[in-house]
Amino acid sequence: MNMHAIAEISLAALLVNNIVLERFLGLCPLFSVSRRLSGAIWFGIAATIAMTLSSMVLWLVSRLILAPLSARYLEIAVFVPLIAALVLASGHALERFAGDTFRRIGVYFPLLAVNCAVIGVALIGAGPSMHGNSFSFAGSAMHGFASGLGFLLVSTLMAGMRERLELAAVPRAMRGAPIALMCAGLMALAFDGFALFSSAAK
Amino acid sequence: MIFAALLFLGITALVGGVVLSLSSQRLQAQMNPLVHRIERELPGVNCGECGHPLCGVFARLVADGREKPGGCIPGGHATSVRITAIMGNAPQETEALMAVVHCKGGHAEARVRSRYSGIPDCHAAMLSGNGSLICQEACLGLGSCVRACPYGAIAITENGIAAVNPALCTGCGRCVAACPRSLIELIPRLHKIFLGCNNRDHGSRVSEYCSVGCTTCGICVEATRASSAISIDDNIPRLDYAKHENFITAAYKCPQRCFIDTVRARPKVNIDTKCDGCTACVPVCPVEAISGEKSQRHIVNKEKCIGCGICLGVCHVHAIALWGGLAYRTEGLSLKRR
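Protein chains in written order, with my numbering: chain A, 1 to 202; chain B, 1 to 338.
In case anyone wonders, no lab produced these hints; they're calculated from the structure. No false leads were mixed into what you were given.
Partial list, computed: chain A residues near chain B (C-beta under 8 Å):
1. L74
2. P81
3. L167
Remember, it's a predicted structure, so these values are computed and weren't measured experimentally. We put the beta carbon where it would ideally sit given N, CA and C, even for glycine.
Whenever a hint applies, use it, and build me the whole structure from the sequences.
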């Protein structure tokens, strides 16, 4: 895998096809953790770990087990229990080997075990990529890692906005979730600008 | 076809289960079995008042003996007792606290010097010229404490100042940190009276801009001379809640009505037929509510009596008792003008 491919995959996953703002996956955790900046950052880190690991393991499962048995139609059904087991097991491992880090992000692992963003990233990584050609193993891992960073980026930006929104004179009817959803929508429009990257690359 | 799919999913579930059970046995740190039982007794609001981010962390430290069972402030005494029972130790006392706001100068009492129409937040108002009131110690009434309270126990009254509802307050103390003027304090829940002013300015100036501001006249100190529970420090009375004193006399003697009483109606004193007219109770009454001739049954003026209970202690025939009920106020905490 050359540098060009790495840059293309990570830029695409981070900005152009951002998991939250362009694919609309993981909206629920985005709004629940972005109340405070620290929570948003730690959840983003936990999500990055979960997405990278599941992208790697599930690419192997899909290519080495499901594809030879021509059972790729079972991908979603197989991925759900495997991701749950994988994320919870990695939580256990983290607790054992990095107790201090686990104390900060441990609460998020049960959330991530059944999260649409994690399975979405794994399905995209294992399936055909956006240009029709498939990801390699390293490409899938890179895609998972960059998608996690994309979530981290958006949740951090979102938390920064919501911390300031708490002080803003928002009309009563728009306070809380409505204004947060509108901000997310406006941010998604701004991220649409990154689509120029992909059209320029073509 | 469908059996192959079922078989496949069964194998997947089996693999997932085996992975999880192996990881929880081999990888997960051995957890003290007490931790889960302790955590179930905690309120679970993750308020952070114990100094730890999560209730689970606190439970783990208690189980390890690195944290005291009484450390959970919203849980209070009842939780402390239950945790010590789980730990198998003798219970210890925890003092229940509640938050109070040391200001009662709202729209009607405190004079305004400017109009503030910026961000509705106390910290923002402090940044733009220290707020719109002349008093530099007054409640800004923009509700930073209201937003900090996880229990909805604080509200801004119609008079424009923050008031704590003691029934909902758990004494977690988040509002204390949220107030930019440090007007909120945690006091023992048993006490119903506190000072509604924090102004250290000179008395003559305070009376110019607030009708309920403390002028440091010292009458409250005189009223509690027996217990010496109030002392003037930095031009403001300090109430010592550790002393044996209910502050009722001080509250009703205060000429500026600076004190806030969370009790709306107290039991009043009644003198029954056992009274032999010794007149011992007449001079001790701080509000001169007792009258009567020597060796005749004395009479209490119920309009004047404030229910402080000082006369109960001097009656040698135990003829004096408190009659009536107690009623708490939750809205617009302020002293009724008598």
